[in-house]
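Asks: Using the sequences and the hints, build the whole thing.
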Amino acid sequence: MSQPAPPNEWPLWEVFVRSKQGIEHKHCGSLHAADAQQALRMARDVYTRRQEGVSIWVIPSAAITASDPADKDSLFDPAKDKVYRHPTFFVIPDEVGHM
Amino acid sequence: MTTLADYALHLADNALILGQRNAEWCGHGPVLEEDLALANHSLDLIGQARLLYQWVAQLRGDGSTEDTLAYFRDPEAFFNFTLLELPHCTALAPSARAERDYAVTIVRNFFFSSYMLLVWGVLQSHAQPQLSAIAAKSIKEVRYHCQHAADWLIRFGDGTAESHDRAQAAVDFLMPYTQEFWSEWPAAKEVLPDTAHLKNQWFDMVIDVIKEAGLQLPEASGYVTQGVLGIHTEHMSYLLAEMQSLARQHPGAQW
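Chains A and B are the protein sequences, given in the same order. Under my numbering, the residue at position 48 of the first sequence is numbered 48, and the numbers go up by one with no gaps. Basically my numbering = 1-based index in the second sequence + 1000.
What the hints contain is simulated information worked out from the structure, not anything from laboratory work. Do not rely on the hints blindly, as some may be mistaken.
What the hints assert, rightly or not - With beta-carbon atoms standing in for the labels, derived distance ranges:
1. B:K1189 to A:D35: 39 to 47 Å
2. B:K1140 to A:A62: 33 to 41 Å
3. A:P60 to B:D1158: 18 to 26 Å
Glycine included, each C-beta is placed from N, C-alpha and C at the ideal position.
Replies: Written out as C-alpha cells, the structure reads:
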C-alpha cells in the first residue's frame, strides 16, 4: 500500500461510493489514474455504471496507513470475551423510536 | 418522408456510426479504465440511436423498425457526418487497423460532442415532444462525453512532446471535416435554422480547450464532405459490413 508507484505508471486510488439508500460512502474498489480529477471520472465509469451511486470519493491508496495483518491477534482478540461492550443489554423505551 | 424524420434519421445515423466506431476500442483501450469509459460512451450513443430509429420508424409508418434501419440499409442510405465514419487514424497511417491512434478518437469525440451539446440544447425546446424528450436525455450523456474528451485533449496537448504532436496532427486532420456541421441541407435548414450562431458558439467552446491544451486550431477549409447527403468515404462500407453482417446472415434472428 505504501510503496510509491513505479515510474511511468499511474498511482493507485481507492474509490468510495455512496449509494442512493446509504448515508456513508462505502469502499468499492481501486483504480489507476494520473490525478484526483481523472480518478473521479474513471471511478464514475468503472464503479457507477449500474446507477450504484450518488456521490464518489477517491483517496490516494498511498495515503492509507494500514494495520499489519501479523498484529491481528494482539489488536483484535482481546475484545472477543467482552460482550458487555455491545449495548444490547439496555432496554430502550418505546418513546425513543428508531435509534 | 417528412423533413423532421429526415433530420431524426441523420441524428440517429450520427449516433450509431460513432457508437460503432468507438466500440472498436472495446477490449483494446489504452488502459482498463479508458476501455470502460469508451464502451460506456458507445452504449450511450447506441441508446440514443435506438430511440431515434424507433421514432423514425413510427413517423415513416412503412413497416421499418429500428433493426431494419440499422442493419438493412447500404452506405448511400446513411446520412451521418463523414467525420464519424473515419477510422481512428490520421491520413498518413499505413493501415487503419494497425495504427489506431487515441488522439484521433479523442479529438473527434471532442469536436462532435461539443457540437451535439449545442444541437441537443436547441432541440430540448423543440415543439415535437418526442424529439425534445430524446434531446433532454441525450444532452446529459453528451455533456459527460464532452468533458471526458476535453480532459484528455488538454492532457495530450499539455503532455509529452509526442502526445502534443499526435494531438495536433489529429486536430489538423479532423478540422476540415467539421465544415460539414455547418453545411446547409434541406432538413437541417428547417430544424436548425441558425447555423451561423451555432458555429460561433462551437468555435468559442472549442478554442478555449484547444488553447488550454497549448494546441493550434487551423482554419477549416478545403473540400466539404457530404455524408449528410449519403455520399461517404470508402471506410463506411467496411464499418457497415462489420456491423451488419450478422443481422443480414440471419435476418429476423432472436436471442
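Asks: Confirm or reject each hint.
Replies: Checked hints:
{"no.": "1", "hint": "B:K1189 to A:D35: 39 to 47 Å", "verdict": "44 Å, holds"}
{"no.": "2", "hint": "B:K1140 to A:A62: 33 to 41 Å", "verdict": "34 Å, holds"}
{"no.": "3", "hint": "A:P60 to B:D1158: 18 to 26 Å", "verdict": "22 Å, holds"}
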